[in-house]
Every structure is written in structure tokens, then in C-alpha cells.
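Undergrad: Go by the hints and put chain S onto chain G.
Here are the chains, one letter per residue:
Number of protein chains: 2
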Amino acid sequence: MDFKKMLANDRVKSYLLKARYGIEKESHRVDLSGNLAKTDHPKSITLKDDHPYIQRDFSETQMELITPVTETVEDLFHSLAAIHDVVYRSMDENEMLWPLSMPPQLPEKEEEIVIAKLENVENVRYRQILSQTYGNRKQMVSGIHFNFEFGEELVQALFRAQSEFKDYQQFKVEMYLKVTRNYLHYRWFVTYFYGASPQSEKNFFEDDSLNEPVRSIRGSKYGYANSDDVQVSYSSIRNYISDLASLVQRGLLSEEKEFYGPIRLRGGHHVSDLKDHGIQYIELRNIDLNPFERYGISDEQVEFLHLFLLYLLWKDEGDHCDEWVKLGDSYNEIVALEHPLARTQFEVDANKMIDEMEKLVETLDLPVYDRLFVHLREMLMDPSKTLAGRLYKESEKSSQSQVATLISKENHKKSWEKPYQLAGFTDMELSTQILMFDAIQQGIQIEILDRQDQFLKLKLKDHVEYVKNGNMTSKDNYVSTLIMENKTVTKKILHQHGFRVPKGEEFQTVEQAIRSYHLFSSKPFVVKPKTTNYGIGISIFKDGAKEEDYLKAITLAFKEDHSVLVEEFMKGTEYRFFVLNDQVLAVLLRIPANVKGDGKQTIEELVINKNRDPLRGRDHRTPLETIQLSELENLMLKGQGYQMDSIPEKDEIVYLRENSNISTGGDSIDVTDLIPDDYKKIAVDAVAALGVKICGIDLIIEDTEVPAAHKNAYGIIEANFNPSMYMHVYPYKGKSRRLTMHIIQYLFPELLQS
Amino acid sequence: MDFKKMLANDRVKSYLLKARYGIEKESHRVDLSGNLAKTDHPKSITLKDDHPYIQRDFSETQMELITPVTETVEDLFHSLAAIHDVVYRSMDENEMLWPLSMPPQLPEKEEEIVIAKLENVENVRYRQILSQTYGNRKQMVSGIHFNFEFGEELVQALFRAQSEFKDYQQFKVEMYLKVTRNYLHYRWFVTYFYGASPQSEKNFFEDDSLNEPVRSIRGSKYGYANSDDVQVSYSSIRNYISDLASLVQRGLLSEEKEFYGPIRLRGGHHVSDLKDHGIQYIELRNIDLNPFERYGISDEQVEFLHLFLLYLLWKDEGDHCDEWVKLGDSYNEIVALEHPLARTQFEVDANKMIDEMEKLVETLDLPVYDRLFVHLREMLMDPSKTLAGRLYKESEKSSQSQVATLISKENHKKSWEKPYQLAGFTDMELSTQILMFDAIQQGIQIEILDRQDQFLKLKLKDHVEYVKNGNMTSKDNYVSTLIMENKTVTKKILHQHGFRVPKGEEFQTVEQAIRSYHLFSSKPFVVKPKTTNYGIGISIFKDGAKEEDYLKAITLAFKEDHSVLVEEFMKGTEYRFFVLNDQVLAVLLRIPANVKGDGKQTIEELVINKNRDPLRGRDHRTPLETIQLSELENLMLKGQGYQMDSIPEKDEIVYLRENSNISTGGDSIDVTDLIPDDYKKIAVDAVAALGVKICGIDLIIEDTEVPAAHKNAYGIIEANFNPSMYMHVYPYKGKSRRLTMHIIQYLFPELLQS
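So the protein lines, in turn, are chains G and S. First residue of the first sequence: 1, per full-length UniProt numbering; consecutive thereafter. First residue of the second sequence: 1, per full-length UniProt numbering; consecutive thereafter.
Hints listed in this document are in silico derivations from the structure and should not be mistaken for laboratory results. Even glycine gets a Cβ: it sits at the ideal position worked out from N, Cα and C. Among the hints, erroneous ones may be present.
What follows is a set of in silico ranges between Cβ atoms, one per label pair, in the way DEER data are often shown [said to hold, decoys possible]:
no., chain 1, residue 1, chain 2, residue 2, range
1, G, H375, S, D685, 45 to 53 Å
2, G, E356, S, Q640, 30 to 38 Å
3, G, D299, S, D427, 55 to 63 Å
4, S, R343, G, T509, 40 to 48 Å
For reference, chain G alone in the conformation it holds in the complex (with noise of 0.2 Å):
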């Protein structure tokens, strides 16, 4: 097949970049000097051999992150970041990732490496097997791998653009095998440029194998190898699989999957599905970490993988197939163990590719890689300018585990920085963030089904459930939220029920409100649009008001909606209850913008002060928002006799705004604790009268001394459908409720049961 004139085919064109991608990428627990971890693999992290994201490779020490499988480079680092923030938190606070392919120094003992302390009984025994025939220090190595596949459409376009291959699958087949075998030839390519293995730590050889620097330790013989023996054809997928079979048969790998060659190919779980199903797709292992990068791999690496596989494919392959791959395996060992910063000896072919890769982005009409050709061309000029130039060059002011270990630092510092955060998700809503947070953490597979709208698919083995905006879901029946979504409706039925409520009227006309004035005059009372949020259009009046007045009132409020409501004012403090499944998870209490004075900073200085705390930001990515100092703060302090420059006494709180949003720069206060049952069953019950499961519903409470059962003892101001969840994570004072858990575990019972 003419795979270079396949590939420039206008009906192939438009795909040529259609791929998915993943990456499991292996990482040792150390402690913040860099000693390997001596604790357990963490807790908090559902301990499943399964768990689809966070697994233990050999050691206890090892971590594996695992990501999905994704059609973008930038999913692909949203998911591998995201891992890692979990990963990181979900660890004790004093361990960090190390962030080198050599493992750090390991025990004097090779028995005190402590196997990973699986469930499954076989896969103990696989590492058991593995740690006789290899030793345990070889398995400590770790590594990227990363899984490559052709978008379906291109190669479906490339099958429809030849003629020899009447077999769809057959052609898939054929195609990977190219791709394969040209990849094992040219892999010393990869190992120059991004092999970053160059010494190890004390403890790792037994004796002096290896003393000089190299390029990649772990691309070596002196690496993650199988035996000389292992030899395996890439000539045909008949020949790949009988040739494993027949290793596994002679006792040469104990199981396929011990199989250690730079690339494997995927039909399945087994190796035997690829008789089925064909190749799926290739797992590219010879990945050293990259230690300058916080996720062991960069975008750069990436996009440079996917074109030099596209450039593989376009490139012809030697006739002789089987001896094609073991010169290449002689070339990638030559590659290897050169010199770090020695110039390669295959330099020149090394330019050639270069310009061939940079021939068919032309030829392809690519899009433009001009900075990717410029930094390999200057890493193939510079060799210290490679990754394992780079390390072995810092590693010679102190040492490679000095500089292993702050790197790791950096790294560990950048994961706690924001801990409300969910790195690669920065910009979805804050609780949904979180939400995520602890789906990973508890094995549950997430999909976006949409970003934007914060929309979410979670999935447990079988178990499907559908979220958005973090607390929308299937436990909810639809006429409950639109019952919420209406204050007239929701105070009917909560009043029907024998609830209190402001009582009230609704009008659709300025006409119809004044001839109603006389029943509202002389009492406390509000005027507010119907359906509009965030205070908009509303007039308090706490004594009652003149006609003109409310006149004014009730236009302002016939602005934001087409009705508008009267409602009697109830005194007390609002409190915003988060019930889930008839059950009150947190109270909290929200107070209006506000500094305490210290006698000697103005109020300007105030808040500046108090909007450095790093939970403050803006636009709810963040579980507080900075108080602003604009024009309705400055009308709120005027109002109180105070400028922006005004220095209040020591300990007096000043407020800037009248109302206690969070979004306006509001607190909020855990008072979970305080509240008594009565108001919580007042909170459940009224919930479960609307037939809602998850509730944000807020009570106005003159005295929570007071029984619950008086008169006028509480009031209900509206029951909301999607209440924020994050400002109860993360309040501003109290204690830290974690609601997005609840949500998960309320989504998925069987987590807890298990």
C-alpha cells in the first residue's frame, strides 16, 4: 500500500489529525526530604484494584494515574492534571510525587520494598513472580505510557482511498503493524530527544553495571527489560500473538502482559481479543518521565508523538520486517546509553527525519509545527538542551536526588496552593469541580458530556447517573424543581402543608398592587419581582411605608418581571439549610460584606487585607468572592457616616453592603452544630412537602432558642433546586462540610456499601 499517497488523498486530508489519546503515567510516593513513602497507599482513595483512575503499579510506593481516553491533547492534560490534584490531596499532606523515571534511593534490603497490597490475591502473586525473576528493584522504575489511536475516520477514509485490502480490519491491522514496526526502528529518535534516565540513586544497581551517565537508564538493556530471549515478531498479528503465546508456554514471561516491549499492541484486555478485534490501538511504554514537567509528560511531547507517528506511517519500512525492529532495538541501545550531553551519533540521520517530518506537515497541509522543528533542531544541535541533558546538567551543581526532590516540592506546593480548585477544570463551577474531586477519588468514571453547562456522566461498573451543575439529578422529580422555580407555588403547597410563610400577594399589574396598598401599609413588608434573583428590584420595608412609596417600590419591581409580589417581612436571621434524602447536611449563615476594625487601618485597607485570603477570587471559582469598593459599598458606608479612608475602632465590624450574598462578598459561617433539631425537622419536612431530595431551603428564625413549634417562630423565604454547594465545602468560618461526597454517595449506595 502507498501509504504516502493514501495520506495525501483530499478525502483523507480533512481527518489526518482525528486521534484519541491516554496516559498512565507511574509515580513513588516520597516524603518532603525524598525518601520513598513508608506509609500505605491512601485511604481516601477508594482502595479497588479496579479504581479506573488511581492504582498501585508494583510497590505500594508506585502510583499509577491513569486517565480516560480522550480526543484532544488539551482533555488529555485536563485529565491528567486533574488526577494529579486529586492524587496529591488525597495523600498525606507531607508526601509528594517523585517526579523521575529512577526510582529514589531504595532500601539497602531489596526485600524491604514493599509489594502493593492488592485485593486480588492474583495479582499479588503476578508481582510476587515478577519480583523473583527481575528483582524488586528493576520493577520500581517507572514510567509514561502513552495509548495512541487513529481517529475512526481517518482510517476509514484511508481504507476507502486503496484497493488492496477488501477487509476493514484486516487494513487496521495492516496499517499498525507499519506504524509499529517502523516505531521500533526509529525509537532511538524519541530516546534522544525526551529519554530522561541519566543516573541512578545508591542502592538501585548491585554493582558497578553502569557508572557513566546516559540518556535513558530505563530505555536500556539496564532498564525495564525482559531477557535477551524475549523476542517477539511484528510481522503479522497471527505471529505477534503465537510468538507470546509460545514465551508464556516455555516459561520465558509467566504471563502476556509481563511482555516488556517498547510498544504493545491493544485489541482488548488480552492479548488474544486481537485475533477478534484487530488492533484498537498502540501503547507506546519507552516514556521516560520528563521531570520538568508537573504531569511527567508535555503538550509539546505529545503533539510530537502524534505527528511522528503520522510521519511513520507516511515513511517507507525496510523488506525485512523482523530484522527491520531489531536494528532498531540495536540503534535505540546505542542511543540510550551515549553520553548526555555527547552529540548522537546519529545525528545526521536524526536532521533527515527532522526535515522529512517538516516536508509532510507541508505536504499534508498540517497545521503549523514550526515550534516543535525548532526545539528539536536545537536539542539535536545542543544536547544539553534534551531532557536528559538538561537533568544530568542541574543534577551537577548538587545532585539528581536534590534536584528530583525540589522539583517535587514546587510541584507539591503548586497542588495545595488552591485546594478548593480542580486543576484542568479551572473554569467549570466550583462545586462541580469538587463534585468532581471526589467522583475520581472514589473510582467513578466521569465523562463530560458538556462543558459548559456543567454537564456530567458518572459511571460506577454499570451504574450510570446524569449530573449537572453539580447537584441536578435523577433523585429529583421534574415538577418539584419547577414547583421551586415558582414563589408563588412554593409558598401555596409549604403553606398548605401548614408551614410558615410571608404572606403575600402576587400582582400582574401596577393598577391591581395599589388598590392593595391598605392591606400592606402598616406592617413590615417586601416588594419583589416574581421570578428574578440576586435582590434585584426589591424594596424592604421594615415599618410599613406611604403610598408613594410603595408606589415607587412596586414599579421598580414591575422592571425585572411581568409579576411582582407583596410579601409581609419576617424579622429574624436567614439561614440556608442543605438537606439531601431527608436529612439537614449543613446549616450555614451568611453575613452581609463586612471588616473588623484594628484602630488603625482604614476601611479601604481593610478589605484589601481581607480579600488576600486565597479562598477569595471572583466570579465563583472561588468559595468566597473579594469585597468590591465600588459605588454601592461607598453609598452603604456613607449611609453609616463613613468613607473609604475612615479608620473604624478596634474590633467594630463595618458592613458594606446591606445584603448577605456570598457573591457580593458575603461570609459564610458554618453553624451546622448550633442549629436545634426542631429547625432542622421544620427544614426536612418542609422539603420533603415540595417532594424534593436535594434542597437548599432558607429560614428566617427570630431566636433559635426559641422552640420551633411557637407562633412566628421561623418563616420559609424559598426553597432553591440547585443550591450552591461549595460555600458550605469551604466556609469562611465553621467547619467544612463535604456535600459534594453525600451527593456521590447518594448517586451511588453501593459505594458505601462495599
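TA: Chain S alone, transformed into the frame defined by chain G:
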């Protein structure tokens, strides 16, 4: 107590007109000639003795229409109108309601009057006793019972304005007792104006006891009255109860409810409840059917009765209360038996009372009742303007029976004119009107929680269901509706479940979309905004598109939404499948607005003719919309080489729109029975995959003869969580599918069990 002073109290005034109303109205079923119907009570009306809206009174032909309690006169008439519509359209189309209190001609033999065939044996036995006591003929007299309750706020304000009574319930009892005694004393006033049973038909009286026409046979001793021995004291609640108990004990009444006083004190289901609950409301029973009003009573009458009762509360009563009441009986007898065209001998008193009522309105700052007072004075001056007078005069021209038959026919015609509407609620969405019709028929209590929002509370015994917009219910879960709201998410989920959906991409920017031009350029495709509806911003390219046209379409779509979808265009016909609880209940084909030529008329004339169909109207308040003749239609015609005044050939179909929406004049054609089961299964399974119970799902099918399992046989376009129902109930062509009834039976499965 000085009610005159109390009522004028400023704190009372605001609430003076707060009240609650209810009407029970009896009417006989007659055939189109005005003869008593020989058929049974309609089977389509649930045959429960405790039907909340529609029952039978004494005989099988005597329907009793019962409104719910309402807080405005407007709502009262809305309910009354709706119940009438249901009654009319549940009866045989050749039956109507007799508009008079006096029954139509009765059978010669009294025993031929069929006693109501009720479920409950007790209920039947009670009627047999009445039959023995009073004869069947008297029981055939019909009338209106008007239930009236002073607003709770008013009673409370009055209570606070006095100091004589410390107990609220006792105070309330005294208040109602005063009104009751005064009503009994002055009820001749009501009889004069609104008495409306001047003459009887043949066979009503066995002898010639009453030869002369009167104002109200029903209101006199010849009407529906107990024997003279039945006397009850209204001096206190205790006396009232004990008198009634004694009458039953002495066998003068078979049960308390046999007491036919012109006013009844109501405290609950039984008279004895009065002891515990006090008086909750009063029931005025002396109101004759107003023959000139479609619903048997006018809103002016209700307004009058309300004001009259307020006046009676205000007006001093006589000292000896039992005597005061007895005097009233004799005054009423006089007025009832006066000739309908004679001036009343109480004219002076009547005039004085109108003066007093007018003064009261002024003193209490009540709204203007000018028209009522003018009318009362007119009737007082000219007896031929009273109801009895009018009916008598009309009857003189032919006969009372003929007049009544003509009135019946007019009412009958009106009730069938727009059979899809529910009178009283024609401002609501059509599907909601039809659903309410069915609910009333099934004996489900309806409360409108929010009229503008189409929000209903339905209740059957203790079972409550809330419904918004006809089919948004508790049966669907929240997140499933959110899935359907998001086209991308819907498609993803359907695709993951193996259904064919149009392939496509979502874009957030014009640039993104342009980059993907080549993916679509040569195929049929659609460009559309992600969330808007009704075809706005959509461009269809049936054979691919040039890049500049693609760009135009993209730009157009981005004007409507910040996300744009570009999707494969599927060829075929679009069908709407209505799925309820895993069953396809209806399939509809929608055809763009069109006319069929006759070789004579112009397109404009054909449109005007087609629009004459009473099923066509505006704003979704009719099953079909009128075809417009606006710019869009003109453009569409131009594209086909036509103008408005072109004359299409005979049987030629000319389309006036591209889109098939019913809202733009399209035709709806029921094809439920034509669609093969395998396609119905696709619809059911797809809806199940979305986790939905009530759904309108749109399938494109190229050829229904081709099995659904064939490649590309169908495609799913979208799923709707609030699918229109009326278009299936009243299709342009094909069988009607009463989906609203299915919804009710789905919400209340117990309806089918009993």
C-alpha cells in the same frame, strides 16, 4: 355588638370584600325537544357518588354541578363554566340541560320518574324515603345553592374590633347567626328580584292547587319545602342543633339533610360538626335557576348576594329572633305568590333597603355598585324586568316550555362550538384546558396554583399530583429533562446507546467552525444554533455548500446562540412520536402550511377558505394555527414561481412554508396506525435511554416500508420534554388520540383499578 361601628372601623375596611364562594346547581338532562331524557347518567363521567364536580341529585336525569370553593367571583364563574362544558360534552350529543327550576313535563305516572342509580345503597334508600314523603314530582324541582363564607381576615378584624366576645369561634357563630336570621327575615327581597319559577309544566301538580302564575313556585309553600311542623330556631347554635335532632327523633325528618330551610348553617359534613367547629359558612338554598344565564346565575346576582349579606350583617335585627324569622317566612310567601308582572306590596320597604345598601357602600368605601343599584330600581319599578316577569312575558308568546327549549338549544350549541376549549379557562394553554376537562370528568379535584404558569394541583382522595404545562410531572426525573434541553448531550447519550443521530460538531466560535468546513463541505448538512427553537437561525444545505455560504450560515446561527451545531442532514420524513411510560401513544406527521388548488380560486382565496376551519386560530389556543400571508409566505411562493393571486391547478398542492411547524400553519396528520412496530420500538427504546417517561421524540424515516434495523433507516432529531398534546387530540386529519386522558391515568393509576 354594634356591627355598624365595627364594619366602619379602619382596620376592618380593608378586608370587607374578602370572601369565599361555592355554587351547587341542579339541572335536568332533556332531549333536543325538551323532553326529560330517558338515558342514564353519562358513562364518561366517573360514576362516583362522591364526584367532586358532577353528581346526580334526586333523579337519574337531575345533574348536580358543584364548583370548588373560590376566593373571587371571577374564579367561581370560571369553574362553573368549565364544569358546564364537561357536563355538556360528556352527555349524548342529543341531550341538553333544562334551564328552569321547574322541571320539564313529567311523566303522567309518578313512578316513571327514575330515581338516581347511585352506587351507595344508603344514598338510594334516602331518595326512596324522599319519594315516599314528598312524591317524586317535588324532588324534580331544581335550583342553586349558594355557599358563602366571610373572609377569615375580615372575621378576625371584626373580632379584634369588639370586646364582648372573648372566644373567636363563638364570635363567629354570633355573626353568622345574625346574618342568617336577617336573611330569613328579608329573603322576600331576593325572591322579588330573582325568583324565576312562575309556572309549572303539565303533570307537576296533581290537582289545580296553583292556577295563577307567581314569582316563585319553588320559593313558596308549593315548592321544595318541608311540612309546616318542621320549625327550627336560629336563636343559638345549641337550639339549632337540638331542634334538628328532635325533628329527626320525632320522625318528622328522615335525616338532618332533609331539612330544606332556605339557609343552612354549615360547620362540616354533619350538623353536629357545628358544635365543635362553629359555623364555617352558610348555604343559601332559595335561589331559582336564572333561565337567561347559561350557567343558571349571573355574576351580578352573586355580587348582589355578597353585598346583601354584608348589609344584613350591618342591619339591626328584631328583638324576638324566632318571631323575626317567622315573620320573614310569611313575607316571603306573599312575595313568592305575587303575580310576576304585579308590583310588590313591599315596594316601599324594598326601596328603603336599596337606599340603605347604597349608603352602606358609601360609608364603608366599598367599590362602585352603580349598575347593580340601577338594575334593582328598574326591576322594582317594572316587575316585567324581574326574572319571573321576563320569563312569564316571554312564555306568553309561545309557552314556557318552548322558551326553555330554545334557551337550552342555544346553550347546547355554544358548548359544542369549540369542543377543544374549556370555558372559563380559554386563556390557558390548549393542552392544559383539555387535561383539565378530562380531570373534571374523572372526578379529580383541580386547583390552579399559577394560571399564567399553567401550574395545576390535581387531587384524588389523598393522592396529590402537580402538573405544569399539561405534562411536566413528578413522573419524570429532573436530569432527564435537562438532558433533553441540551441537544448535544441528548445526541451523545442516544449515540452511546446505539441509536442513529446526526453526526456533527459543536462550535463556540466562528473560527472553530470555519476550520471544520472540510468535514461537511461535500455532504448534506444543517447549521443550527444549539438551544433556540422554532427553526430560527437554521440553514440547510442538502448537497453540501461552498465555503462562503457555510460562513454565512455559521454567522447567522451565532446570532441566535453562543454555541452552534453543524450536523449531518438526514433525508426522509420527520415524524413526532409521543411516548408515555414506554408506549407510543401517537405518531404525527406534520406538513408545512399548504393549500390544495381547485383550478378556480387564487392562492389567497384558498388560504382564506382553509383558515375558516374553527380548528384554526392564533397563539396555540386552537388545535391548528391560521396560515399567514406575510413576507415569508410570499417569498416561498415566489421561489416556486407563484404569487398570491396565482390560481393553482385542480388538486395541486402549493406550500406556503418550508418548515412544518403547526405554529406556522402546518397540518397535523395522525399516522399512529400506519407506522410499523419496529419504528415504535426505536422511539420507546430511545426515550428509555434518556430515562424519560413523557416525551415527544422526532424521528426522520426515509421509508417506513424498510425495516428500522436497516442501516440509516432512521435518525433521531430531537427529544422534547414538554411535547404538545393538543395536536394529537385534534389533528387536521386522522384519528384523535386523547393523550391528556392517558396522562391523567398515568398519574392516577387507581382510576383504572376501581
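Undergrad: Next step is simple, just say for each hint if it's right about the structure.
TA: The hints, checked one at a time:
1. G:H375 to S:D685: 45 to 53 Å: Because 52 Å falls inside the window, the suggested range holds.
2. G:E356 to S:Q640: 30 to 38 Å: About 58 Å separates the Cβ atoms of E356 of chain G and Q640 of chain S, which means 30 to 38 Å is violated.
3. G:D299 to S:D427: 55 to 63 Å: Holds, since D299 of chain G and D427 of chain S (Cβ atoms, about 59 Å apart) stay within the stated range.
4. S:R343 to G:T509: 40 to 48 Å: holds, 45 Å
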